[in-house]
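J.: One letter stands for each residue in the lines below.
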Amino acid sequence: MREVHTGVAIREALTLAMEMDDRVFLAGEGIGVSIHDNPLMPTYGLLETFGRRRVKDTPVSEAAIAGLAVGASTMGLLPVVEIMFFPFITLASDMLVNHAGKLRYLSGGKSSFPLTVRVKAGMFGAGCQHSHNLEAWLAHAPGLKLAFPSCPADAKGLLLSAIFDPDPVIIVEDMGLYWMQGPAPEGDVRVPLGKAAVKRPGADATVVGYGRAVLAALEAASELEAEGVSVEVIDLRSLVPLDRETILESLSRTGRLVTVHDATKFCGFGAELAAIAAEEGFASLKAPVVRVAGPDIPVPFSPPLQEFYMPNAQKIAAAVRSIL
Amino acid sequence: MREVHTGVAIREALTLAMEMDDRVFLAGEGIGVSIHDNPLMPTYGLLETFGRRRVKDTPVSEAAIAGLAVGASTMGLLPVVEIMFFPFITLASDMLVNHAGKLRYLSGGKSSFPLTVRVKAGMFGAGCQHSHNLEAWLAHAPGLKLAFPSCPADAKGLLLSAIFDPDPVIIVEDMGLYWMQGPAPEGDVRVPLGKAAVKRPGADATVVGYGRAVLAALEAASELEAEGVSVEVIDLRSLVPLDRETILESLSRTGRLVTVHDATKFCGFGAELAAIAAEEGFASLKAPVVRVAGPDIPVPFSPPLQEFYMPNAQKIAAAVRSIL
Amino acid sequence: MTAKQDATLRRTVLEKMYLARAFEDCISALAAEQGRLPGMQILATGQEAAAAAALALGKDDVMVTNHRSHVHLLARGADPKTLLAEIMGKESGVNHGKSGTLHLIVPEVNALMTSTVVGASPLLALGAAFAQQYKETNALTMVFFGDGAAAEGSVHEAMNMAGVWKLPLLFVCENNCWAGAQSFKEHCSAGNIASRASSYGMPGELVNGNDPDDVLNTALELASMCRDGRGPALMELTTYRMHGHGEYDKQHYVDPAEIEFWAERDPIVMFSSRLEQEGVLGEGQAEAMRREAADKVAEALKFADESPYPAPEAALEHVWASPEHI
Amino acid sequence: MTAKQDATLRRTVLEKMYLARAFEDCISALAAEQGRLPGMQILATGQEAAAAAALALGKDDVMVTNHRSHVHLLARGADPKTLLAEIMGKESGVNHGKSGTLHLIVPEVNALMTSTVVGASPLLALGAAFAQQYKETNALTMVFFGDGAAAEGSVHEAMNMAGVWKLPLLFVCENNCWAGAQSFKEHCSAGNIASRASSYGMPGELVNGNDPDDVLNTALELASMCRDGRGPALMELTTYRMHGHGEYDKQHYVDPAEIEFWAERDPIVMFSSRLEQEGVLGEGQAEAMRREAADKVAEALKFADESPYPAPEAALEHVWASPEHI
Ligand SMILES: Cc1ncc(C[n+]2csc(CCOP(=O)(O)OP(=O)(O)O)c2C)c(N)n1
Ligand SMILES: Cc1ncc(C[n+]2csc(CCOP(=O)(O)OP(=O)(O)O)c2C)c(N)n1
Ligand SMILES: [Mg+2]
Ligand SMILES: [Mg+2]
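Protein chains in written order, with our numbering: chain R, 11 to 334; chain A, 11 to 334; chain G, 5 to 330; chain B, 5 to 330.
The following block holds chain R by itself, in its conformation from the complex (with noise of 0.2 angstroms):
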């Protein structure tokens, strides 16, 4: 299969929804013009190509982002809204969590919020206003899917999911993703939410996690393989819905789970994953659960403060050796 960037992948992904589709409009900060020049970034050139009635450049006011796409959606149109910086998620978060989630359930099925909101992430060297994965809030909100592609074939394919999915959803995307390449198929292929990817099976333990953190794991895999250690690695690819079949199965072939993302520790997703393990699981378990995540810290400024805060390869890898 061709290779692609993420951020192409994304951009492909945005194009073949608005061509398919005129219900579908793109709103957010910088989304039409831009001050990156730069073709890896998912919404480059989207103004050109489908003009200002569908590329809507908006003012810096994140609740009114989120309140277009809530009110927008139950009309009959499928926005895509991006917040520029997860931290400011939090600025949207009345919208999305009191609306977008809740007033389908209020109208007692009535009404319906077809909406997509794309969210940046990652830790790129801004700090802590800048970088903070809060996918644990989102997925705490009934009425919210989730999804967090760790490559381009999954961030086109999930987003394309979300776009046309009748209910709201958040895709999480790692903005380290959109230099990487990987194979991504070409055409409306859409990966389904609430389905993992087995990313490399294994038997010994199970590594669990989605976005960037899939690719440490890949790599602290590669690096037990050589110890002799055969280590299977999930990702999750979407949260909400989760694929617990999946987790369940993996775990009762190697009775070791570790779980890895980006966003602090206590309370974060891995700690969902740790209880369906200590609670669906249990009977599997041969070792503790591991969690491999961010301390619980604010993510530092400094070039080797912000490397401390990392999961990477090295911490899985030890966290794999600690439960064998």
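No lab work stands behind these hints, which were simulated from the structure alone.
Be aware that one or more of the hints could be misleading.
Not everything, but these chain G residues come out facing chain B in the computed CB check (under 8 angstroms) [stated by the list, open to error]:
1) A155
2) E156
3) S158
4) E161
5) N164
6) G167
7) E190
8) S193
9) A194
10) S199
11) R200
12) G205
Straight-line C-alpha distance at most 30 angstroms; calculated DSS-like pairs for lysine-lysine [as the list claims (entries may be wrong)]:
13) A:K120 <-> B:K63
14) G:K189 <-> G:K254
15) R:K120 <-> G:K85
16) A:K120 <-> B:K139
All figures in this text were calculated on a predicted structure; none of them were measured in a lab.
Cβ coordinates follow ideal geometry from the N, Cα and C atoms, glycine included.
Dock chains A, G and B with the ligands against the given chain R, drawing on the hints supplied.
T.: Chains A, G and B with the ligands alone, transformed into the frame defined by chain R:
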């Protein structure tokens, strides 16, 4: 010890703190002049006692209420602000998460932010935009402490600790408790943050909870005692810092853990407790962990639906039975 | 067309005002009976002239409202039966008991979204108005919010974006002098809300919110500007909540003279006598309207009372549009 | 006192402008070298007249700023050495490498809080100004924010509450014509930000943001009103960011004529020649100031370059004021 209502105990803490220290002021919506002419409400009468300088009724502006606390606290005041209902914490979440919790870190330890946020919570027949417990969000935000009392003595003692703590503390008040009486000491008796209470000792299973759910857990324990099952009930009181020692010590004796809270289950605080058990208490565990929590839906309005949502003694007892 | 000329429309306004008053009187009476209604009850008694704003809308226009919504919804044509059933938490309620009184949503009459998060409605309306512009319809969105809500950042963001994009969005601020127990001047240091419209490049009109003619004329005028693509507009209705914030609110903090002042300006009393004086209503017609409203509400009460509660497990329904999961 | 009369103050303003320019020129040069600086660099080149606003403050006044803070901080007296070290992520940095360029905080000079969350600074300033009023000090708080920030709900809430409580809070909006890649008229449909002050019951002044005298005079006047208990005020500086949004921004979306227009209005060039013409500066004095600024920056660069990075585990420090835990 004398018995007081929780609402009155909270007012005692506020009154004492204000009497002891002029740096303490209160701000929030309807905390001075209130539609509730009810002496069981925590801020009843405080405007009359302390005047308009120290008891500030704010406009309906949750972000500004939180910003007020952040800015005033680093100027040497000890703000105690109120967020009227828990779902509205979303509107204050940028200020709390990206500012209260991070500015000290960003300053390199030069500044501190000794603020207190009282959040009113609970399920009271108003539906999902008034009732949505989000303590797991706050626990996942570095730099914020978090308390969640279950009785008058703790509501008072934790609040006093929070007000004089040098870090930002959020304290959740389940409004249902306002109307309940219990023993509480007079005077400046503080309950330290980070110390759980064993509300009832037991040998067969450990139930860990906080807030109103502790009462349900105690009820369940009585019910199970009649069946010859001895349940230890731990009231966390403070979620951050968390008293892991007390939990793990109990687990080492009982080998069985049930967690309980009113918030929804997926990525709720119970997940963190279960994860700690799976990670640090694995050797003690004799059975799967069970999480009792709200189902992953918005809190419904209609009485039988809200009843269905709520964790209660029966559900907790059933959970314990399921792992004996 | 001006409202003065349209006798039928003015009669309809009065009819809806009677209906809303009767509906809320019924709720007030029920709320006074211990255990009769679940949760809190928030009434718009005294603010019925807002019905005229809702009646300035066409069938395809969208309405977005807030916690104090009965007048808006009934004016728009919502069925009192299913509204009352919802308020009681019954299965036959317009939202199957999921919502209750605080966020009644009636998509059937294009009352598409309702929020009890103060200040949120204008953001929802922003999205609806955007969709109308995007689809090049001739429709507009009308959003109701309170004076207290105007302090929320969300309202500012909605007005700003609507102004920049020239969306067909009519902001209707019902300034009933109070936000909870806080008087207007305690939360706003400008004398009114309407004049801030210029910050967003839109017209702002201050109208007598107890005079349905004023409300109707201004709403029709501003609505037609919105429809013409001239962008959003703001109207502020000066009015009063006669029952306080909610039914449990004894208004201990309100000067009784203030309540007295507004009681003398009851919009229904004033409007019905004006219509009678002008001959728009014949003798006895107002009384007939009032009785008809009472009958409808009695019927609604019977319907709601006789309806069963939903089954407990129904709590799990309606979260997802896609096949249920998790 | 007016600035015209105060030659010393005006000379200090120019000095700080030179210092800021030299500091940012240094960063710009470093940023152009691959791998020399971590993260993004956001400069206020062209906006140096804002230094005059900061210099209108007294020692006890508080300053709150945002992502584009170098001018404000240097004018306030922050040390270029520890600022540059922080920007490089060094242990000797003013925030020990925790913050970096985007949220430089310098409590030593009462630059108490800084946020890169656009629109957040005014809310932080609200709290500081409240504390000043509460403690009955004579001090005020000055907050800087951009034109883009004015679209955020947070700014509205801060202005509204400050207006209601008459807080000593001077809002300074630096309208540099752009918010990221969005031009002013794309995010604000009123012609300016200043005129919205009336919505909050405060004065609003539009000033030439490239003229330090204008900035200084207006800031002094409004600051003294704030100090007198007359409540908050808003001033808007019309200015321009000569380096685009950040150093990586090639401004492909900007009409070169616009940049040319503003280049001809360089605040340093204009102000120094005015001071020379007026005899406030003698011959060669401006050039001496420029050279002194360059020397200070060279010294700062040496300091920062020679400083070590923090130890990795230092990441765990400074979260808590109480004994560390979790
Ligand atoms: C975000 C938010 N904050 C607080 C509340 C609690 N609350 C409900 S109604 C109300 C007062 C609103 O006043 P106004 O907007 O004037 O509307 P009115 O009730 O007068 O119709 C408040 C503070 C809420 N529902 N939402
Ligand atoms: C809440 C938030 N949204 C978006 C951003 C990304 N961002 C950084 S600067 C900027 C533009 C701000 O424009 P303006 O307020 O005019 O300040 P300027 O950069 O022009 O000085 C944006 C959108 C942010 N930092 N914070
Ligand atoms: Mg009101
Ligand atoms: Mg700008």
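J.: Hold the hint about G:E156 up to the distance rule: shortest CB distance to chain B must be less than 8 angstroms.
T.: holds (7 angstroms)
J.: Below or equal to 30 angstroms on CA atoms is what counts here, so check G:K189 against G:K254.
T.: Satisfied, since the Cα-Cα distance of roughly 21 angstroms is no more than 30 angstroms.
J.: Once the shortest beta carbon distance from G:G205 to chain B is found, is it less than 8 angstroms?
T.: Holds: closest Cβ of chain B sits about 3 angstroms from G:G205, inside 8 angstroms.
J.: Going by Cβ atoms only, is G:A194 closer than 8 angstroms to chain B?
T.: holds (5 angstroms)
J.: Once the shortest beta carbon distance from G:E161 to chain B is found, is it less than 8 angstroms?
T.: Holds, because the Cβ-Cβ distance from G:E161 to chain B comes to roughly 5 angstroms (cut-off 8 angstroms).
J.: Given the proposed pairing of A:K120 with B:K63, does the C-alpha separation stay at or below 30 angstroms?
T.: Within the cut-off at roughly 19 angstroms; holds.
J.: So, as I understand it, the hint says G:S158 touches chain B; can you test that by seeing if any CB pair is closer than 8 angstroms?
T.: Constraint on G:S158 satisfied, holds at 6 angstroms.
J.: Have a go at the G:R200 hint: is there a Cβ in chain B nearer than 8 angstroms to its own Cβ?
T.: Result: holds, 4 angstroms to nearest chain B Cβ.
J.: Hint check: is the beta carbon of G:S199 less than 8 angstroms from a beta carbon of chain B?
T.: Since the shortest Cβ distance to chain B is 7 angstroms, the answer is holds.
J.: Hold the hint about G:G167 up to the distance rule: shortest CB distance to chain B must be less than 8 angstroms.
T.: holds (4 angstroms)
J.: Take the C-alpha atoms of R:K120 and G:K85, compute the straight-line distance between them, and say whether it is at most 30 angstroms.
T.: holds (17 angstroms)
J.: Given the hinted pair A:K120 and B:K139, is their Cα-Cα distance within 30 angstroms?
T.: This hinted pair holds, its Cα atoms lying about 22 angstroms apart.
The structure fails none of the hints (numbered hints given earlier).
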